[in-house]
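Please build the complete structure, drawing on both the sequences and the hints.
Residue numbers (this note's numbering): 9 to 527.
FYI, nobody ran anything at the bench for these hints, they're computed from the structure.
No experiment lies behind these values; they were computed from the predicted model shown.
You may find that some hints are simply not true.
[Unchecked claim] Distance condition first, Cα-Cα at most 20 Å in a straight line; then the derived DMTMM-like pairs of lysine to aspartate or glutamate:
| id | residue 1 | residue 2 |
| --- | --- | --- |
| 1 | Lys461 | Asp509 |
| 2 | Lys90 | Asp506 |
| 3 | Lys253 | Glu177 |
| 4 | Lys262 | Asp279 |
| 5 | Lys452 | Asp440 |
| 6 | Lys452 | Asp509 |
| 7 | Lys253 | Asp273 |
| 8 | Lys262 | Asp237 |
| 9 | Lys453 | Asp440 |
| 10 | Lys453 | Asp506 |
| 11 | Lys90 | Glu110 |
| 12 | Lys253 | Asp128 |
| 13 | Lys461 | Asp506 |
| 14 | Lys517 | Asp482 |
| 15 | Lys338 | Asp200 |
| 16 | Lys262 | Glu288 |
| 17 | Lys431 | Asp509 |
| 18 | Lys461 | Asp448 |
| 19 | Lys90 | Asp509 |
| 20 | Lys292 | Glu251 |
| 21 | Lys398 | Asp200 |
| 22 | Lys172 | Asp109 |
| 23 | Lys517 | Asp77 |
| 24 | Lys272 | Glu251 |
| 25 | Lys253 | Glu169 |
| 26 | Lys253 | Glu288 |
| 27 | Lys292 | Asp323 |
| 28 | Lys461 | Asp521 |
[To be verified] Cβ pair distances, simulated, as ranges:
| id | residue 1 | residue 2 | range |
| --- | --- | --- | --- |
| 29 | Asn527 | Trp176 | 30 to 36 Å |
| 30 | Leu333 | Thr184 | 20 to 26 Å |
| 31 | Lys461 | Arg192 | 57 to 63 Å |
| 32 | Arg194 | Gly499 | 56 to 62 Å |
| 33 | Val404 | Thr296 | 45 to 51 Å |
| 34 | Val75 | Gln395 | 26 to 32 Å |
| 35 | Lys453 | Ser290 | 29 to 35 Å |
| 36 | Val75 | Lys270 | 33 to 39 Å |
| 37 | Leu261 | Lys453 | 32 to 38 Å |
| 38 | Val299 | Arg194 | 38 to 44 Å |
| 39 | Lys270 | Asp77 | 47 to 53 Å |
| 40 | Pro242 | Glu327 | 34 to 40 Å |
All residues carry an ideal CB built from backbone N, CA and C; glycine is no exception.
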Amino acid sequence: MANNTTYDRLTSTSGFRKNSAQVILDHGYGCKSRGRFSRVCNSSLLPLIVVQLFISSCTLVLGGDLVSDLVAEATKLELSAKEVSFSIRLPDGSLLQHLPDESRAPASCMKLVVAAACLDLLGPDHMFQTNLMRMGTIQDGVLNGDLLVIGGGDPAICGRENSKDPLWELRPWIDTIRSQGIERVRGRILADVRYLDGPGVHPDWPEEQLSRWYCAPSGALNLNDNCIDIVIGPVVSGQVRVEIKPPQPLVTLKNSLIPCLKKKDHLYRIDRVGNGWDLEVSGKFLTTSGVRTEWIAVPDPADSFVSIFLQLIRDSGIEVDGTALSPSAKALPMANIQHSLSSRLPVMLKNSQNLYADALARVLAKVRGGDGSFSSAAAELTRWLEQRLKNSDEIVIRDGSGLSRENRLTARVLRQVVELGLKAQWSQPFFDSLPLAGLDGTLKKRMTSLPLKGKVRAKTGTIRGVVSLAGVLDSAQGPVSFCFLYQGRSGRASRARDWQDRSLLVVYKAIADQIDQQN
9 MANNTTYDRL TSTSGFRKNS AQVILDHGYG CKSRGRFSRV CNSSLLPLIV VQLFISSCTL
69 VLGGDLVSDL VAEATKLELS AKEVSFSIRL PDGSLLQHLP DESRAPASCM KLVVAAACLD
129 LLGPDHMFQT NLMRMGTIQD GVLNGDLLVI GGGDPAICGR ENSKDPLWEL RPWIDTIRSQ
189 GIERVRGRIL ADVRYLDGPG VHPDWPEEQL SRWYCAPSGA LNLNDNCIDI VIGPVVSGQV
249 RVEIKPPQPL VTLKNSLIPC LKKKDHLYRI DRVGNGWDLE VSGKFLTTSG VRTEWIAVPD
309 PADSFVSIFL QLIRDSGIEV DGTALSPSAK ALPMANIQHS LSSRLPVMLK NSQNLYADAL
369 ARVLAKVRGG DGSFSSAAAE LTRWLEQRLK NSDEIVIRDG SGLSRENRLT ARVLRQVVEL
429 GLKAQWSQPF FDSLPLAGLD GTLKKRMTSL PLKGKVRAKT GTIRGVVSLA GVLDSAQGPV
489 SFCFLYQGRS GRASRARDWQ DRSLLVVYKA IADQIDQQN
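Put into structure tokens, the structure is as follows:
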């Protein structure tokens with residue numbers, strides 16, 4: 009907990025895991041970033057599939073030869089047959105499979121399980137609530153008590169709908185405080201984060217990467233993707249400008265950047281000292297470069313939320329004394345922020361945001377009677393798969409994001425999860441939230457040409473030595489559900505993606521050719 013007497017928190021956890029200093033390297037162009045979400049919705053590109061899965065107007069005779077062709081596509085790219093597995097159901101119900109029950113790490117395809125389970129058990133209209141309460145009485149413009157923020161696990165308070173102002177949803181709270189005549193708070197700003205138990209990072213996650221945006225911890229209170237936005241540039245009067253957005257009082261920033269004139273020298277890094285709030289930006293920054301934004305995970309979501317909210321209150325002119333007062337017997341509601349489950353899914357699936365998946369999995373466990381920890385989330389997801397698929401012998405679930413290398417699913421299981429979505433009442437929010445080939449999300453730069461562009465909705469996944477893809481192909485005969493998994497030698501990610509894309513093209517053309525022959 010930060011050493012700041014003006015705020016505190018109510019928690020049943022022991023805090024967050026320590027880690028060593030982290031580094032982000034920028035070679036100038038093409039580096040991976042957290043990105044900002046923009047939705048592309050065009051239902052004419054891939055009609056929402058609400059028809060029964062296996063209806064077909066004719067019988068397709070595709071089988072063993074096509075399986076061999078798909079394996080051959082892998083070997084052409086120097087991927088061994090043992091490193092790949094797939095399970096594909098054609099519109100007529102027939103299966104194309106290779107090692108479908110081989111247990112492998114699913115990477116971010118684990119998010120399909122989280123999305124499907126949450127939609128199935130909670131419903132798309134389930135609301136995440138974050139509440140602002142006041143404790144104590146108001147007299148002569150002074151609140152003789154505390155302000156209390158109660159977290160409910162919403163992964164995206166101040167989500168990506170307004171990229172220019174990451175605090176846009178908190179600003180109305182200031183108006184609410186003023187509307188009740190409060191000009192001064194004698195007490196503190198308290199955070200109640202007891203809704204979700206346990207640490208916000210998983211012990212399986214790579215310790216040397218815990219400051220990266222994709223390792224951001226989840227908690228009952230989550231703000232700005234639980235990241236510190238570091239805006240670098242431009243170069244002004246020989247100095248590289250570096251700014252924190254939104255302003256985070258807990259951060260101590262050291263700017264050691266040096267301007268450079270040659271593109272080849274443009275290389276910088278960001279170090280987070282241990283698991284703390286001290287950051288250093290060092291290296292060389294190209295004078296002609298545009299503004300760059302990098303993201304560093306916060307050490308503690310509750311501290312981050314409350315310190316920023318406290319600063320927002322003070323900037324508005326409301327004083328906060330920070331006096332530790334005896335707790336009031338009753339907390340009175342002042343305002344709340346609420347979002348639906350369906351509104352949180354596109355960022356989780358299209359952008360593959362790990363924080364969202366872990367938060368949703370933990371909230372699911374809490375609503376279903378668990379304590380909201382990673383372990384309870386894993387148990388709830390496993391239980392759901394057992395009940396819905398009736399076969400979970402090869403299932404191991406450790407987190408919701410798929411970042412853990414200890415997760416284990418099979419190609420058959422992931423294909424079956426996709427098929428559950430095809431037949432479910434929650435089909436639309438599920439498939440609308442998936443990346444669309446060649447157009448958006450993590451598939452924007454894949455399958456960019458016809459006939460696959462706009463014909464594939466699927467979840468991607470990548471960790472070291474693992475590449476996954478699961479979703480649905482809109483073929484001339486109807487939906488083709490599929491899952492392709494690669495797990496093997498590292499450094500083969502681009503080849504594995506090529507194999508997956510080529511395989512879908514082979515299947516698409518085989519179906520089209522079969523129809524032509526029958527006509």
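Hints, one by one, checked against the model:
The hinted pair formed by lysine 461 and aspartate 509 meets the criterion: a straight-line CA distance of about 11 Å does not exceed 20 Å. Distance check on the hinted pair: lysine 90 and aspartate 506 sit about 17 Å apart at the alpha-carbon level, within 20 Å; holds. The straight-line distance between the Cα atoms of lysine 253 and glutamate 177 is roughly 15 Å, inside the 20 Å bound, and the hint therefore holds. As the CA atoms of lysine 262 and aspartate 279 are separated by approximately 10 Å, the hinted pair is consistent with the 20 Å bound.
The hinted pair formed by lysine 452 and aspartate 440 meets the criterion: a straight-line CA distance of about 15 Å does not exceed 20 Å. Among the hinted pairs, lysine 452 with aspartate 509 is consistent with the structure: their alpha-carbon atoms are about 13 Å apart, no more than 20 Å. Our distance criterion of 20 Å between C-alpha atoms is broken by lysine 253 and aspartate 273, whose separation comes to about 26 Å. Taken as a hint, the lysine 262 and aspartate 237 pair is honoured in the structure, with Cα atoms around 15 Å apart against an allowance of 20 Å.
Straight-line distance between C-alpha atoms of lysine 453 and aspartate 440 comes to about 18 Å, which keeps the hinted pair within the 20 Å bound. A C-alpha spacing of about 12 Å is found between lysine 453 and aspartate 506, which places the hinted pair at or below 20 Å, so the restraint holds. With a CA separation close to 9 Å, the supplied pair lysine 90 and glutamate 110 stays within the 20 Å bound. Distance hint between lysine 253 and aspartate 128 is unfulfilled; the C-alpha atoms sit about 37 Å from each other, more than 20 Å.
In summary, the hint linking lysine 461 to aspartate 506 is supported, as the alpha carbons are separated by about 15 Å, within the 20 Å threshold. Pair hint lysine 517 plus aspartate 482 holds up; C-alpha atoms about 12 Å apart against a cutoff of 20 Å. For the suggested pair lysine 338 and aspartate 200, the alpha carbons sit about 14 Å apart, so the restraint of at most 20 Å is met. Of the pairs offered as hints, the one joining lysine 262 and glutamate 288 holds, with about 5 Å between alpha carbons and a cut-off of 20 Å not exceeded.
Distance restraint check for lysine 431 and aspartate 509: the Cα-Cα separation of roughly 25 Å exceeds the 20 Å cut-off, and the hinted pair is therefore not satisfied. Distance hint between lysine 461 and aspartate 448 is fulfilled; the C-alpha atoms sit about 11 Å from each other, no more than 20 Å. For the proposed pair lysine 90 and aspartate 509, the alpha carbon gap of about 19 Å is at most 20 Å, so the pair holds. Between lysine 292 and glutamate 251, the direct Cα distance comes to roughly 16 Å. Compliance with the 20 Å bound is thereby established for this hinted pair.
Distance check on the hinted pair: lysine 398 and aspartate 200 sit about 39 Å apart at the alpha-carbon level, beyond 20 Å; violated. Restraint check for lysine 172 and aspartate 109: not satisfied, since their Cα atoms lie roughly 46 Å apart, outside the 20 Å limit. Taken as a hint, the lysine 517 and aspartate 77 pair is honoured in the structure, with Cα atoms around 12 Å apart against an allowance of 20 Å. A distance of roughly 24 Å separates the Cα atoms of lysine 272 and glutamate 251; the hinted pair therefore is violated under the 20 Å criterion.
Using a Cα cut-off of 20 Å, the hinted pair lysine 253 and glutamate 169 holds, with the two alpha carbons roughly 16 Å apart. Simply put, lysine 253 and glutamate 288 have alpha-carbon atoms about 15 Å apart, close enough for the 20 Å limit, and the pair holds. Between lysine 292 and aspartate 323 the alpha-carbon distance is near 34 Å, which puts this suggested pair outside the 20 Å criterion. This hinted pair checks out: lysine 461 and aspartate 521 have alpha carbons roughly 19 Å apart, not beyond 20 Å.
Against the hinted window of 30 to 36 Å, the Cβ-Cβ separation of asparagine 527 and tryptophan 176 comes to about 55 Å, which falls outside the hint. A beta carbon spacing of about 21 Å between leucine 333 and threonine 184 agrees with the range 20 to 26 Å that was offered as a hint. Hint check: lysine 461 to arginine 192, Cβ distance near 59 Å, so the stated range 57 to 63 Å holds. The beta-carbon spacing between arginine 194 and glycine 499, approximately 60 Å, falls within the hinted interval of 56 to 62 Å.
Distance hint for valine 404 and threonine 296: a CB-CB separation of about 50 Å, consistent with the stated range 45 to 51 Å. Between valine 75 and glutamine 395 the C-beta distance comes to about 30 Å, which sits within the given range of 26 to 32 Å. In this structure, lysine 453 and serine 290 meet the distance hint of 29 to 35 Å, their C-beta atoms being roughly 31 Å apart. Distance hint for valine 75 and lysine 270: a CB-CB separation of about 52 Å, inconsistent with the stated range 33 to 39 Å.
With their beta carbons about 33 Å apart, leucine 261 and lysine 453 fall inside the hinted range of 32 to 38 Å. In this structure the hint that valine 299 and arginine 194 lie 38 to 44 Å apart at CB holds, the actual value being about 41 Å. The beta-carbon spacing between lysine 270 and aspartate 77, approximately 49 Å, falls within the hinted interval of 47 to 53 Å. A beta carbon spacing of about 36 Å between proline 242 and glutamate 327 agrees with the range 34 to 40 Å that was offered as a hint.
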